[in-house]
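J.: Chain by chain, the residues:
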Amino acid sequence: MNALLDIRGLTIDIDRDSGPARVVDGIDLTVAEGESLGIVGESGCGKSLTMLSLVGLLPNRIRATGGVADFAGKDLLAMSSEELRRLRGSQIGFIFQDPMTSLNPVMRVGAQIAEALVYQSGMAKPAAMERAAELLELVGIPSPRDRLMAYPHELSGGMRQRVMIAIGLAGSPRLLIADEPTTALDVTIQAQIVDLVRDLKDRFGMSVVWITHDLALIAGLADRIAVLYAGTVVEDSPVDVLFERPTHPYTRGLLASLPTLTDKPMSRLPSIAGTPPEPGRRPPGCPFAPRCALVTAVCTTSVPRLAPVAGSAPGHRAACFVTAGEGAS
Amino acid sequence: MTDGTIINPPEDRPSSLWRDAWRRLRRNRLAVAGLVVLAVLVFVAAFGPWLTPYDFLSQNLDARNLPPSLGHPFGTDDLGRDVMSRVIYGARTAFLVAVLVTVVAVLIGVVLGAIAGFYGGRFDKTLMWVTDMTMSVPQLLLVVVINASLKQPISLWMEARYMETMNPLYRNSAIIDFVLVFGSMALISWPPYARLVRAQVLSIRNRPYVTAARALGLTNRIILTRYVMPNAVGPLIVAISAGLGTAMVLESAFSFLGIGVNPPTPSWGNMISDGLRVWTNYPHLLLAPAAVLAVVTVAFNFLGDGLNDALNPKGQK
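Protein sequences, first through last, are from chains A and B. Quick note on numbering: the working numbering labels position 97 of the first sequence as 97, and the sequence is numbered without any gaps. One rule links them: number in the working numbering = place in the second sequence (from 1) + 329.
Isolated chain A, as found in the complex (with noise of 0.2 Å):
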């Protein structure tokens, strides 16, 4: 499969009056066409930046310092502002996390899903109406005709986040980035905006990247999960390979407190001890060894890299001394 995104290295900083501290540091990615990626990892670990960063919508001081976004063949982070303006709606989508308040609440919500196509690629007003309304359908909002003159506060959650993804879609992205789209939203909620969302990669054959800190949910979506700690991938899995064979022991530790039907009643759900690391403050070996149970004397001095899992599926890698089998730097 060709890879429509590649990312190479990437380190984020954050420009602290103290001086930069680093909160992505060298994460590898890669998203082939019509492929979901989830990326999974507790808040802090740098995932929603990573993504931010593509795009440059990363927030005041925080700038993407050093490796390569390929994406198509085009480096996105050596882009102008100017292109990274026009690759925005039309080539990468966005759904953002908190559908109460990503919606501008003094316009209709039609004229915010036909806001993009009238600017961005000049279509007259009322054809891009028009496509909002089939737009709304799409995404299942009954009436839909109706529904376009509707202030955003006149919606529910659900709806909204409904309309979010209208908007993301109206420029028919290649790539769709879903910011933790269903964290605001109830459970049952959720279930349908990760079948809709399949539904419509499936339909459009877009490439989509889940960001998430919620491995049940993203189990049903993603062919591939990539698993951040403090700001690098410590594992990249086929996803039936990852909850078959979990290897970091950050993942298995994730994995372990998810909650099943089989558990005890009123028994404790395993944590990971710990916390992760500051930026900035990171560990000069692992990034997870302070937390770690299996830590040994080279994971406290030597950083561990992205390297197979020996013995497991072809595309399983995971970043761990002790685990993987190989990959000692």
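Among these hints, one or two may not hold up.
Calculated from the model, a selection of chain A residues having no Cβ within reach of chain B, i.e. all distances over 10 Å [what the hints assert, rightly or not]:
| hint | residue |
| --- | --- |
| 1 | D6 |
| 2 | P105 |
| 3 | I167 |
| 4 | L269 |
| 5 | A273 |
| 6 | G285 |
To be clear about the criterion: a stretch of chain B counts as covered by chain A if any three or more of its residues have a C-beta under 8 Å from a C-beta of chain A, and this derived list gives those stretches [said to hold, decoys possible]:
| hint | segment |
| --- | --- |
| 7 | 462–468 |
| 8 | 536–543 |
For the record, the hints were derived by calculation from the structure and aren't laboratory data. Every residue, glycine too, gets a C-beta built ideally from N, C-alpha and C.
We have chain A; now place chain B onto it with these hints.
T.: Below, chain B alone, put in the same frame as chain A:
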């Protein structure tokens, strides 16, 4: 589909921000009173020439300094002019000055403040420096300076135009007064608007829906005009309402001091100034314009307060 329900059924759709605000405003009695007073003011200012029983300039030396009566509800002044007619014409002056000054000041303030807040950088720093400077100098002093330095060149220019065109309009000293009063007042009135808008834009530009608009690839200009500014107008409207009142008081203050609108054009300020000299003998000459000015100013403040509460649902008690 569980999320297929709509929170508000379509029939009570009109619960938009503005409709809610209007409903809340109508419940506020003081604000409604202010609105009524201002409606009367606008009506009087607009139709003044058809409402006044007498011409504001016509003198009747046989009827000087008359106390209020049926024929002259506010009495007459030392030249026998009808005070009520002059107050009504003064309303035109006050209203014209207040509206024009506020429009110019708001335009300057909104444009500069929005650009400064949205783009930041050196422009922002310079603008804040200029507003600090302007706001730190006493307003009266600044107006006197601007007046003094602009009056001469403008008069010369007008005279030159008159010689060129022979259009008597260019010899009308009232026009120079108005231009000077507008100009200098607008020049000192915009900084607070610029700061307000800048602060609004600073807080709004990082909201998720602005990021979402960026992610759509919209240009900065469209994001600023369609996503940021429409969400910033609430506090601006409150400030405009209060600013209109302030501008009227300011105009009266300048005319009172003789640096604003000059006689014979009636202005509440110069009427108060004239009335003050003789108020022990003819209190109505002071009372009439002063009372009207006070009522109008209070009305603007009531309306501003009401708008503040109405447009800020979180501040509701």
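J.: Each hint: holds or not?
T.: Verification of the supplied hints:
1. D6: 21 Å, holds
2. P105: The claim breaks: A/P105 does not keep its Cβ more than 10 Å from every Cβ of chain B (closest is about 7 Å).
3. I167: 7 Å, violated
4. L269: Non-interface label stands for A/L269: nearest chain B Cβ at 28 Å, farther than 10 Å.
5. A273: 34 Å, holds
6. G285: 36 Å, holds
7. 462–468: It is violated, with 0 qualifying residues against the three required.
8. 536–543: holds (count 7)
In summary, the numbered hints that this structure violates are 2, 3, 7.
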